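Peer 1: Chain by chain, the residues:
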Amino acid sequence: MDETGEIKEGEKMKVDDVVNRIKERFECEVKVKEIPCGAKKIKRTHIFVEIKREDFRKFMELLFEIQDYPHFAVISATDLGEQMELLYHFTIDYGKQNDEKTISLRIKLPKNDLRIETITDLIPGAMISEREIHEMVGVEFIGLKDTRHFFLPDNWPEGKYPWRRDETFPNDMLNKLDETWKEGDKNE
Amino acid sequence: MSEHTYSIPVGPLHPAIHEPITLKIDVEGEEIVGVDVFCSQVHRGIEWLGMNRNNPIQNIYLAERVCGICNVCHPFCMVQAVEDASGIYPPERADYIRAIMAELERIHSHLLWAGVAAHEIGFDTVFHYTWALREKVMDLIEYLTGNRVTKAIMMVGGVRRDISEEGKKKIKEGMQYYLEKFAKIEDIYLNDPTIKMRTRDIGVLTREDALRLCAVGPLARASGVPKDVRQDFPYGAYADYGVKAITPDTYNGEIHADVFDRIIVRLLEVKQSVDIIKWAVDNLPSGPILAEKNLVKLKMLLKKAEGEGIGRVEAPRGEDIHYVRLEKGKDPYLSWKIRAPTYNNVLPWIPMLLGGQIADVPIVAASTDPCMSCLNRVTVVDEKGRKYEITKEYMHELSVKKTRRLMRNANRSF
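In the order they appear, the protein sequences are chains A and B.
Every letter in the first sequence is one number past the one before it in my numbering, and letter 42, counting from 1, is 42.
Add 188 to a position in the second sequence, counting from 1, and you land on the number used in my numbering.
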């Protein structure tokens, strides 16, 4: 790295290298998004990868080859109607000036079979996120040891998922604030 | 679990962070042998509101209310994600103003934290002194945005308020004030033998654990992981400046990965923020502050947009990440996920507390984040089923007693 903080060519792990390594191993769609910022217009890089559920663990192996400890940020879930889409947000090459890239791993699960392997054996830090997705959208993580509620209360009704956009959404639990009032309540 | 093990719930409201949280701590005598974390007290469903009720502009103000202390970084993060999804990017001047606001927030947050940490170990004079210093940056924030807490400065495609020439002058005066006071603060926190006794080798989080548990922010940096979104991932004006992640070895060449190292990292970051702000004010580019001034038009553009985006910001506590997905023809987001830094910094509490003492719980918990306001109800259940309560005050007293005890013992040995 020179004094201005800019990185010389060759020091960086090229985005293309990462993309090629992914494409070599998997039949998948890889999208790269580069966004310039500030006055110098230095770019940040987002990589989106969509893979099949069967390839998930193999992809994790590749990720560990690319980076010793891939940083796990979070899992986000989107209800697409027939399918539930999980997006695992990882980053690689952290700790290097302007060189970190996000890798967002997209997996679509059919609503009638919402199951996927856990990654907590590889990345213990993913536990909270897996427990959250488990309770919010009802995805079963195979091998996840701790499946207790994390954000929802213990007495949450079974089979109701607040982030779903279908019949499992707890519609009857909305707008119930008025019902907390009881006859003869002194603190009205 | 042996028969001598007691289980102590610390909670139900949080001992140190902005989300209500309960800790179940198993102790044998004074030593902590087991830790479990519970978070289900108050889930406000902010993401659900964004996905079902609000339009993107309303969501900016909702995001601001995710956390009272980090009320710049959440909307900053969210607008980045929306900009990324819709292609409405901010002008250069807005990038710089955003960075200035985020750094002002870091200064106030780190000083707030330092004060709380001092209070937790029984140094209330230091606590009041630090919080008095913090007032300067709060005044500056109020002058620049019109508010001390929820600043309402972010907008999709820019910022809502410009910084005038007079504002620049005031910012520079404020930064000069902190540079002058920094030596004293540094002396108080880093050279005081008692603070060192209470925090050295307490609450250790090894580099390995920090990486495995995906710790972020000053917590990870104090463990020797040079992770800093401002350094690693270009956003705002930071890539132009070239931020360097601060690890404790830059101060004294050592990494102990303990509470003391977290103090070092945060104090040095205050100074780093002062430098970044001074640089950003000097190099503030001219030009507009918004990509689209007309709010109605902006709302229509966002309604027509389709796509997804990720926003990442280094909040005072670490990496903040928002994922937003826009659906054509609909105001609310199709998907919104907020991941605040504490989300990742909760699991590291377990290795940090194991093997420690109850009296260290407040300072270890506080070492990941400042707000101790809710450690009010602590119930101790003994093995025979008799219940009695210890309060935050009692735990605080234990902590103060430990400080006094260490001071007495230290004096004896001189």
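Fair warning: there could be bad hints in the mix.
Claimed, not checked - Straight-line distance between alpha carbons at most 27 angstroms, and here's what the computed DSSO-like set of lysine-lysine pairs gives:
#1 Lys96/A to Lys23/A
#2 Lys466/B to Lys41/A
#3 Lys40/A to Lys58/A
#4 Lys518/B to Lys487/B
#5 Lys481/B to Lys356/B
#6 Lys589/B to Lys40/A
#7 Lys108/A to Lys516/B
#8 Lys31/A to Lys466/B
#9 Lys41/A to Lys518/B
As the list claims (entries may be wrong) - Among the chain A residues that face chain B by a calculated CB cut under 10 angstroms, a handful are:
#10 Asn20
#11 Val32
#12 Ile35
#13 Lys58
#14 Val74
#15 Ala77
#16 Gln83
#17 Asp93
#18 Asp99
#19 Lys101
#20 Ile128
#21 Pro157
#22 Lys160
#23 Trp163
It is worth saying that the hints were derived from the structure and are not from the lab.
The structure presented is a predicted model; accordingly, all values stated were derived computationally and were not measured.
Backbone N, C-alpha and C define an ideal beta-carbon position, used for all residues, glycine too.
Peer 1: Hint by hint, which ones does this structure get wrong, listed from lowest number up?
Peer 2: 3, 6, 8, 9, 10, 11, 13, 16, 21, 22
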